[in-house]
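Residue numbers (this note's numbering), protein chains in the order written: chain A, 27 to 500; chain B, 27 to 500; chain C, 27 to 500.
It cannot be assumed that every hint is accurate.
Stated by the list, open to error - Taking lysine-lysine and the DSS-like style, the derived pairs with C-alpha atoms no more than 25 Å apart in a straight line are:
1) C/K46 - A/K46
2) B/K191 - B/K175
3) A/K191 - A/K494
4) A/K191 - A/K175
5) C/K191 - C/K494
6) B/K46 - A/K46
7) C/K191 - C/K175
8) B/K175 - B/K494
9) B/K46 - C/K46
Claimed, not checked - Across the chosen pairs, the derived CB separations fall in these ranges:
10) C/H345 - B/N381: 18 to 24 Å
11) C/R238 - A/S116: 45 to 51 Å
12) C/P35 - A/L478: 51 to 57 Å
13) C/Q203 - B/C367: 53 to 59 Å
What the hints assert, rightly or not - To give an idea of the chain C side of the interface with chain B (calculated C-beta under 8 Å), a few residues:
14) F38
15) R138
16) A357
17) L420
Read the hints as simulated data drawn from the structure, not as lab findings. Treat the numbers as computed from the prediction; the structure is a model and nothing was measured. Yeah, the Cβ is synthetic: ideal placement off N, Cα and C, and Gly gets one too.
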Amino acid sequence: MPADWNLPPERFFGPESRQKATAMRLYQGIADLPLVCPHGHVDPAWFARGDAGFGDPAAFFVTGDHYILRMLHSQGIALEKLGIPPLDGSGEVERDPRRIWQRFAENFYLFRATPVGAWLSYELVQVFGVHRRLDAHSAQAVYDQVAEKLAAPEFQPRRLFEQFKIEALCTSDPASQPLDAHEAIRASGWGGRVLPTFRPDDVLDLTAPDWRGSITRLGGLTGVDIRNYGAYIEALRERRAQFRALGAVASDHAVEEPYTGWMERSVVAEVFQRALRGEVNPADAVRFGGHMLMEMAAMSAEDGLVMQLHAGALRNHNHPLWVRFGANLGADIPLRAEFTCNLRPLLEAFGEHPNFTLILFTLDESAYARELAPLAGHYPAVRLGPPWWFHDSLGGIGRYFDQVVETAGLYNLAGFNDDTRAFASIPARHDLWRRASANWLAGQVATGVLELDEAEEMAVALAVGLAKTAYRLG
Amino acid sequence: MPADWNLPPERFFGPESRQKATAMRLYQGIADLPLVCPHGHVDPAWFARGDAGFGDPAAFFVTGDHYILRMLHSQGIALEKLGIPPLDGSGEVERDPRRIWQRFAENFYLFRATPVGAWLSYELVQVFGVHRRLDAHSAQAVYDQVAEKLAAPEFQPRRLFEQFKIEALCTSDPASQPLDAHEAIRASGWGGRVLPTFRPDDVLDLTAPDWRGSITRLGGLTGVDIRNYGAYIEALRERRAQFRALGAVASDHAVEEPYTGWMERSVVAEVFQRALRGEVNPADAVRFGGHMLMEMAAMSAEDGLVMQLHAGALRNHNHPLWVRFGANLGADIPLRAEFTCNLRPLLEAFGEHPNFTLILFTLDESAYARELAPLAGHYPAVRLGPPWWFHDSLGGIGRYFDQVVETAGLYNLAGFNDDTRAFASIPARHDLWRRASANWLAGQVATGVLELDEAEEMAVALAVGLAKTAYRLG
Amino acid sequence: MPADWNLPPERFFGPESRQKATAMRLYQGIADLPLVCPHGHVDPAWFARGDAGFGDPAAFFVTGDHYILRMLHSQGIALEKLGIPPLDGSGEVERDPRRIWQRFAENFYLFRATPVGAWLSYELVQVFGVHRRLDAHSAQAVYDQVAEKLAAPEFQPRRLFEQFKIEALCTSDPASQPLDAHEAIRASGWGGRVLPTFRPDDVLDLTAPDWRGSITRLGGLTGVDIRNYGAYIEALRERRAQFRALGAVASDHAVEEPYTGWMERSVVAEVFQRALRGEVNPADAVRFGGHMLMEMAAMSAEDGLVMQLHAGALRNHNHPLWVRFGANLGADIPLRAEFTCNLRPLLEAFGEHPNFTLILFTLDESAYARELAPLAGHYPAVRLGPPWWFHDSLGGIGRYFDQVVETAGLYNLAGFNDDTRAFASIPARHDLWRRASANWLAGQVATGVLELDEAEEMAVALAVGLAKTAYRLG
């Protein structure tokens, strides 16, 4: 083990020396550009007050990050031992952050050659100044160092936000929940640009837990008595306006299958009534979901919220685990996704609308070259989101470029978003993306596909330009 | 921007110096071999008369090439502004080729790192001698230069055909259309080998636009009164003979799904009668299509026409655009394709027939290693066509080799075809293929998988030999 | 052609010089480690007696290896000409091993750039000391050399087993067949560790040829009168115990689709009764198969046999060929496979069980990153088997690492198994895997993803450690 833990300055660049030099040159041109973060899951409450803190190292790094919990759990480590309490309060839960950290450190080797490992290394070395590789032996010393930093004023959320040079940070906010934190940020006068994103799965998915409760809350937030489908649509339109008033630029929709298509108005109204009475069958829910994506696209064409569609995650695959611990514990598993037929109704209706943008995300990489790039390479409204979730790795980014650019070109991409709930991973993820972008472009230069000046322009576009354009964050 | 626009002599070769040297050596052995073009969409009328011309630069490069229209449209440029008139004659259409060219030039950067960009660069630099990179500033000067060349005798179609060293050029010809141009070429005494390909989708697909009209025309062309299924089969057999008489070596079939299987004779006869009366349901059409592929395979085993199957394109995905402008405007989107089960009936019936060859094409790259290579690596009749359409890129060719050769070997491949309607792109596409082939083989040499003499033989096979063998163009 | 045929010492390593040096260093650390072979199809009878032999060169290399027969057949060489007799005894079959060998040698070029070619080269050069490349000219001289070796005492199966440094060799043994060879090995006192694997497809798949006969044989072997479902379960449990008594560490299940799910006890009992009467419909068979995987998982959780699941091969795709020649002649073709939904019932029931291990194999590489790595990266019970069958190539191994490690990490993999029935290919396949592993890890080091000490540990894990852990062969 090396005495000093440092990150190689040329990491993530291919080994051939001229290509590496080009990659470095391209990277240096974008490394220090501000971070544009148009999609993610950071908690806005961290920025609501100037004096908030992030908690202890275990809470900050381990307990809240399902990427990490997933891997540790896969090797048989009980979630209780990582500080996750069962919902029913049963059993013994580790409360000592130092012991949780020790367990994490002992198993840090599991993250070798994974993107999580790369992000964690960046965070520890670059953000926290740790220079001993994390393992069983160094665990407690590293804990001390991280804990000390987390307690310091310059590691308060707003300070880190500024230190990271974040130009805009969009969060994900359920339609049926108040936007208190966002309102508090606005009211505080702090200049950081933290924006809500309209995420209405809770009120669009008839099978969502407590859908009726969410409808009631949506009614309360909008002052609309949601007694029928017409009122429901009115409430959604009003809620979107409220999000926009707080700076929202986008909506976000998570679906298992990206099915779209209009239902007859009378039929959808009747299904809605039945849903209000708690009578929903799965086929209704699928058709209703597809119909509501059409409605949402229509509203986006009208109000300009960029529409994001994240398709293909089967949530809470491990039902017993979900019952015991709740959601977001790493048991979401991807599905095959079909876009060509599923999106056709929506794209035929809105794909040429000049005020409509649809950003597509997939967990099924086989759709990149087959369906997504061809759709983005035809429909003016479509942009391709960056590699998502399981694919936001060095290899995943390379596969994405290799498979989408040849058909969609670069300018039908939506740039990068970090999609993270781990705040300290934001600069790590942008850095990985920028390095991977520089490396891919350098490969194109090295093979005579691009000239250097073209690659330089494209690197800047990938780092910030495309995201700002696609999300109208200009 | 460089003052002089040239193509790097070592373009498309990997950067490592010894591998690059091997690639160059392999490429030099095949760069000047004649071009064998067994599948494409070039208009044979260009060669019917010795004095034909290609028109202005905008018509030649932009208006007729759906690869280019697709990308420009995806960025919101109206088709009318590119010279494409709506079918109903409404609206204002750009008629000035210089303005269309200017728009194209301003957006030429969209094609960076795409195969279309690589082909266009080759055509402008190598074929038209342009040495200023195309952009807003150079647009009109480049237009002048291209226009001047297009007006010169040595740029007439037959002269370019000879200059490109085309050994054989197979076109795609609907079964229900006359072969006037091919007859005129034969009659003219010109020595260029331009051959028709039997493409009967218009008469096999019961859902094709104006299927009944096509049947009437097929009857007229063959002198068969197509009153029933038996007569229909007779007419198809006769039409194939007419194609063969003009030199055809292959048939070509485009299907959404490669479904195959016999129907009962009485059932198929009844479905055919209903179709003649205009009574077709989608399920009938699918079963009928699958049955007719069996009939076509049977005829191929008999008459020796090599059977090509292009599976997996959903045509005219953007229905409103299709209604407004017509087909072939870049709105065809790939679908997942299943070959293992779908092709089983056909392969069980004809897969071992010594006079039958089936060449398979896919838009679903996930089928390469999973289904296509195993099928080609077992059935004597099966050969794999080269990467098709969205995948005929530098990266796409590499993925194809990586995924099919390990199971199918090299000698179950059908070599290359350019599949283009843009005549000037033929040498560009062959050059890209030959460079990509040389590069892939050089990689195998560099990793000790192949010896150099083996790679040299394989390079020649990929450039010309496999295509000639598979298509019986010897 | 080179006068001397040798294998480049740095074969299969990427060309960049520093990466290549790292790969070589990593490879040298694992090249001579013992071979752990937890899954394969070697005939245990070879080891039952000390004086057994392997037969002539054609029998040893050609006739028994469906990888080789497949490729030769795909180029139109009749199986009879390769020594394979039709089941009905009709027709002329080549009996002369020298003529079969000559045909093989003349077509050896077909295996260029395939893994079969790489293994054969290794076997001929490294195991048999052949130093003239195999072709039409060298064929008979090579035959002589190979035949001489095969006749020598040091090429008897047990001697080669020892010479190859095989630490454990697991075979595949149908549940309904006696384990005579394994008993004889035990009784002989020879120290080689040859272990049976419980493969119950013959008694679990209601559509298997002669299922009822297999049930009768299972009853005979276990002393259970299998009159009903309860007795069937009892017999299976007893048979597993018999396998374990002979050292079995695993079961193995081959399915077209990895469907799992409990049936009602009364329903499954009734389906079983009907099956005993020969009345089975395909839907029953699918549900019964899915139910029995649940039963098998339950028994594995109890008795500790590691459960292997090989999903996605459509066996005997070429039905006429199968009727004529029988199974295992290269006409098995992969299918798409769905794991996320299909495995959910089994994983919800047993995925967290501390005594249960499920090792998954796919022929559908698109499932690697999308489904398999996420499942292995969550469920403690799941490990991913190495690239299987059509994907056990240099490229296939690279794609596997690229697509699974980023999500599953390295430590949720099951290491390597050679899965071969060609005994002499065992060291060839392990060597290819070890070189490919070293090369992939070297690439990670070269791009700064891993440090060298990490890569060294991981190389050893990939060569032996992960397989021993996953299969409990410690």
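Hints, verified against the model:
1. C/K46 - A/K46: 16 Å, holds
2. B/K191 - B/K175: Within the cut-off at roughly 19 Å; holds.
3. A/K191 - A/K494: Since the Cα atoms of A/K191 and A/K494 sit roughly 15 Å apart, the hinted pair holds (cutoff 25 Å).
4. A/K191 - A/K175: 19 Å, holds
5. C/K191 - C/K494: With Cα atoms ~15 Å apart, C/K191 and C/K494 stay inside 25 Å; holds.
6. B/K46 - A/K46: Distance of about 16 Å is within 25 Å: holds.
7. C/K191 - C/K175: 19 Å, holds
8. B/K175 - B/K494: Distance of about 32 Å is beyond 25 Å: violated.
9. B/K46 - C/K46: This hinted pair holds, its Cα atoms lying about 16 Å apart.
10. C/H345 - B/N381: 18 to 24 Å: Holds, since C/H345 and B/N381 (Cβ atoms, about 21 Å apart) stay within the stated range.
11. C/R238 - A/S116: 45 to 51 Å: Distance hint for C/R238, A/S116 holds at roughly 49 Å.
12. C/P35 - A/L478: 51 to 57 Å: 38 Å, violated
13. C/Q203 - B/C367: 53 to 59 Å: 30 Å, violated
14. F38: 6 Å, holds
15. R138: The hint holds - C/R138 has a Cβ within 8 Å of chain B, the shortest such distance being about 5 Å.
16. A357: 5 Å, holds
17. L420: The hint holds - C/L420 has a Cβ within 8 Å of chain B, the shortest such distance being about 7 Å.
Checked against the numbered hints given earlier, this structure breaks hints 8, 12 and 13; the rest are met.
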